[in-house]
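J.: Start from the sequences, fold in the hints, and give me the full structure.
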Amino acid sequence: MFDTLSTRLTQIFDRLRGHGRLTEANIQEALREVRVALLEADVHFKVVKGFIERVYDRAVGQDVLRSLTPGQQVVKIVHDELVLLLGGSGHRLQMAPHPPTVIMLIGLQGSGKTTSAAKLAHHFQRQGQHPLLAAADVYRPAAVEQLRTLGAQLQIPVVGSAGERPLDICQEAARAAADRGLSPLIVDTAGRLHIDEPMLEELRLLKCEVRPHHVLLVVDAMTGQDAVTMAERFNAAVGIDAVIMSKLDGDARGGAALSIRQVIGRPITFVGTGEKLDALEPFHPDRMASRILGMGDVVSLVEKAQASVDQAKAEELAKKLREESFTLEDFRDQLKQLRSMGPMGELLQMIPFFKGKQGVPTELAGQEAELTRYEAIIGSMTPEERAEPQIISGSRRARIARGSGTTVQDVNRLLKQYAQLKKVMRGLRQMEGRAGKLKGLPFQIRN
Amino acid sequence: MKLLVTLADRVRQSLERSKDLLSHGLDSLLSLGRPVDAGLLQEIEDLLISADLGSATAREFVDLLGEEIRRGRLGAPEDIRATLRRFLEEALASAAAPLALDHRPTVILVLGVNGSGKTTTCGKLAAALKGEGRSVVLAAADTFRAAAIEQLEAWGRRVGVEVIHQAGGSDPSAVVFDAVKAVTARGVDALIVDTAGRLHTKSNLMEELAKLKRVVGRQLPGAPHESLMVLDATTGQNGLAQAATFHRGVGLTGVILTKLDGTAKGGIVVRIHRELGLPIKLVGTGERPDDLQPFDPRVFVSALLPG
Numbered sequence: 001m002f003d004t005l006s007t008r009l010t011q012i013f014d015r016l017r018g019h020g021r022l023t024e025a026n027i028q029e030a031l032r033e034v035r036v037a038l039l040e041a042d043v044h045f046k047v048v049k050g051f052i053e054r055v056y057d058r059a060v061g062q063d064v065l066r067s068l069t070p071g072q073q074v075v076k077i078v079h080d081e082l083v084l085l086l087g088g089s090g091h092r093l094q095m096a097p098h099p100p101t102v103i104m105l106i107g108l109q110g111s112g113k114t115t116s117a118a119k120l121a122h123h124f125q126r127q128g129q130h131p132l133l134a135a136a137d138v139y140r141p142a143a144v145e146q147l148r149t150l151g152a153q154l155q156i157p158v159v160g161s162a163g164e165r166p167l168d169i170c171q172e173a174a175r176a177a178a179d180r181g182l183s184p185l186i187v188d189t190a191g192r193l194h195i196d197e198p199m200l201e202e203l204r205l206l207k208c209e210v211r212p213h214h215v216l217l218v219v220d221a222m223t224g225q226d227a228v229t230m231a232e233r234f235n236a237a238v239g240i241d242a243v244i245m246s247k248l249d250g251d252a253r254g255g256a257a258l259s260i261r262q263v264i265g266r267p268i269t270f271v272g273t274g275e276k277l278d279a280l281e282p283f284h285p286d287r288m289a290s291r292i293l294g295m296g297d298v299v300s301l302v303e304k305a306q307a308s309v310d311q312a313k314a315e316e317l318a319k320k321l322r323e324e325s326f327t328l329e330d331f332r333d334q335l336k337q338l339r340s341m342g343p344m345g346e347l348l349q350m351i352p353f354f355k356g357k358q359g360v361p362t363e364l365a366g367q368e369a370e371l372t373r374y375e376a377i378i379g380s381m382t383p384e385e386r387a388e389p390q391i392i393s394g395s396r397r398a399r400i401a402r403g404s405g406t407t408v409q410d411v412n413r414l415l416k417q418y419a420q421l422k423k424v425m426r427g428l429r430q431m432e433g434r435a436g437k438l439k440g441l442p443f444q445i446r447n
Numbered sequence: 001m002k003l004l005v006t007l008a009d010r011v012r013q014s015l016e017r018s019k020d021l022l023s024h025g026l027d028s029l030l031s032l033g034r035p036v037d038a039g040l041l042q043e044i045e046d047l048l049i050s051a052d053l054g055s056a057t058a059r060e061f062v063d064l065l066g067e068e069i070r071r072g073r074l075g076a077p078e079d080i081r082a083t084l085r086r087f088l089e090e091a092l093a094s095a096a097a098p099l100a101l102d103h104r105p106t107v108i109l110v111l112g113v114n115g116s117g118k119t120t121t122c123g124k125l126a127a128a129l130k131g132e133g134r135s136v137v138l139a140a141a142d143t144f145r146a147a148a149i150e151q152l153e154a155w156g157r158r159v160g161v162e163v164i165h166q167a168g169g170s171d172p173s174a175v176v177f178d179a180v181k182a183v184t185a186r187g188v189d190a191l192i193v194d195t196a197g198r199l200h201t202k203s204n205l206m207e208e209l210a211k212l213k214r215v216v217g218r219q220l221p222g223a224p225h226e227s228l229m230v231l232d233a234t235t236g237q238n239g240l241a242q243a244a245t246f247h248r249g250v251g252l253t254g255v256i257l258t259k260l261d262g263t264a265k266g267g268i269v270v271r272i273h274r275e276l277g278l279p280i281k282l283v284g285t286g287e288r289p290d291d292l293q294p295f296d297p298r299v300f301v302s303a304l305l306p307g
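Protein chains in written order, with the working numbering: chain L, 1 to 447; chain F, 1 to 307.
It should be emphasised that the hints constitute simulated quantities derived from the structure, not laboratory data. Here a beta-carbon is modelled for each residue, glycine too, at the ideal position from N, C-alpha and C. Any given hint could be a false lead.
[Claimed, not checked] Computed far set for chain L versus chain F, every beta-carbon distance over 12 Å: (1) 29; (2) 83; (3) 94; (4) 239; (5) 262; (6) 267; (7) 382; (8) 384; (9) 388; (10) 399; (11) 403.
[To be verified] Computed footprint of chain L on chain F, listed as stretches where at least three residues anywhere in the stretch have a Cβ under 8 Å from a Cβ of chain L: (12) 54-68; (13) 111-118; (14) 148-158.
T.: This is how it looks when you write it as structure tokens:
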């Protein structure tokens, strides 16, 4: 029931790939499903309409019908149009020539403004800047405390308290930023349940006063068709420079925020991808489009993998796999590397291998605790056992379980998964044989 | 009876904004005196999609409408609106259900993704139950988000209800265990538990909630009596995934639709009710403590398609 957009489009195009040549009827059929998939992803219906028309016009034209691999051509057209829809090349916030750079966050209540403000501050802090936070949401109970708590965690100063007027807080923050040489100044404003005149009036007033270089609208990735109305009203009344899409770490497809990009012509600059304060990433339209199309977010994955995988070790592992001498020792190394790269499920979803019908196998996703246990179990084995798991008898299992503080069942499960992994690796190797040479483990990345 | 009328009025008023687009759309569609054809049906489908009913559900309603037209049952444009209303009302007929409040203490778990309005809803629900003359206690089991406890405490002060809590980061099950013990000993009527606002895709959230539910059930057989998911009316098709995931993980007894006073239409509840069979128990329509009403399908639909 909850196929992701990528899964659905993969299915559609798998079917297209089966055809030798494309007919107009083929394209129509595929595009009907693209339409449903986009609507299901909460892309605004008018944006969907325009998108489908553009793709149809380009697809039905000469190149596709005459081309040798029509399926690929359509995929490319849909991909290109999607990249366009998502905002062409990525958008980055420019710092003002004279600090402090002032960034004001606006949005509905519950969109994730306060969290985004803290994440944004952390982002700049990691770049070596010295941000200042202004807590100007004095209406929602405990909003100021929330920002103060987050600021304290990050050791970033926060100006504002619940009793003050938002305007005073902003003025005080601007002074503090100037006096202490802090930049950027990030202003968290009050959200409302819905847009009303007093709220817009306050935002206009604050904007006049603090003269932000960037006004960022925070949009919940789960928002439905109403996102466009909301963004249009904010944009008309206050003016928006860019969008932060929050809560993209769930299974929401975030189509609404894409519609906003299309309808008000403002780029998405950051996406919130998790609960931790470092889970804010620059938005990459091209990567997102690839991901939507089921090609996997290969670029992101490669970057992540390169950052944390020891290249030499990976090469060695690749060789071992090829020679089928992958031992439990290697398995443990791989688990360690995996865990240093971030949450498993998140990583696995980026791999094209897990796209399409089967998705990420449940036995692999959400198993962080399991991995810790596995490391402990392998740690309790003798070198011989790690090299030749088939010698692990019943009594050895009992000893290993005792040594690692686990149960015999855990040990059995590990051995079973190791066997399964070997099988998967063999499958990947066969794919590799077909798809050409692949480099870089732990994943066989295929585009 | 008078009370019911004002409640209906209030929901209707707060839905004024949301009905605007759909009804104006429908009005302008229907007032042109144009023939009832595929083009018109397509536009009606778009209008339903714009209300977040989802493309498949919108298609179904439009197909039903098309069927009626083929059978010659719909002549005038007014018939189209009336028929559409009837279909929507029929789809939601069994969606309204009262809260189960006959136990003492009644334990109500309030769940939902971050930003859906859980804590606010807990505050409003406490005020509503207190207003009916019941004794109420709130439990702050959202020990995860920064300042969530403070936010619930602020609501507790505002509506005059005690909040049981521990330090941030403590085990939610321990908080709830204490709370259930306290309300049982004191003979309190209702305990409302505010749980962690996290995305439904976090598997350890589901584990935490399932554990919380087990703890409550062991302590007080039959409890929790209500497990309600709070859903932001601006949520699109992901709302169904949220409801399905919470339902699978914890077992829901119903949905509370919040923030229905904006321009959003909350049409996703039609799918949630049809596909998961969950009732829509309450509707949040504003920021005041008393802005929480029982869900009435007739009012909901007539606000969506007036006339």
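J.: Which constraints among the numbered hints does this structure fail? Numbers only, ascending.
T.: none
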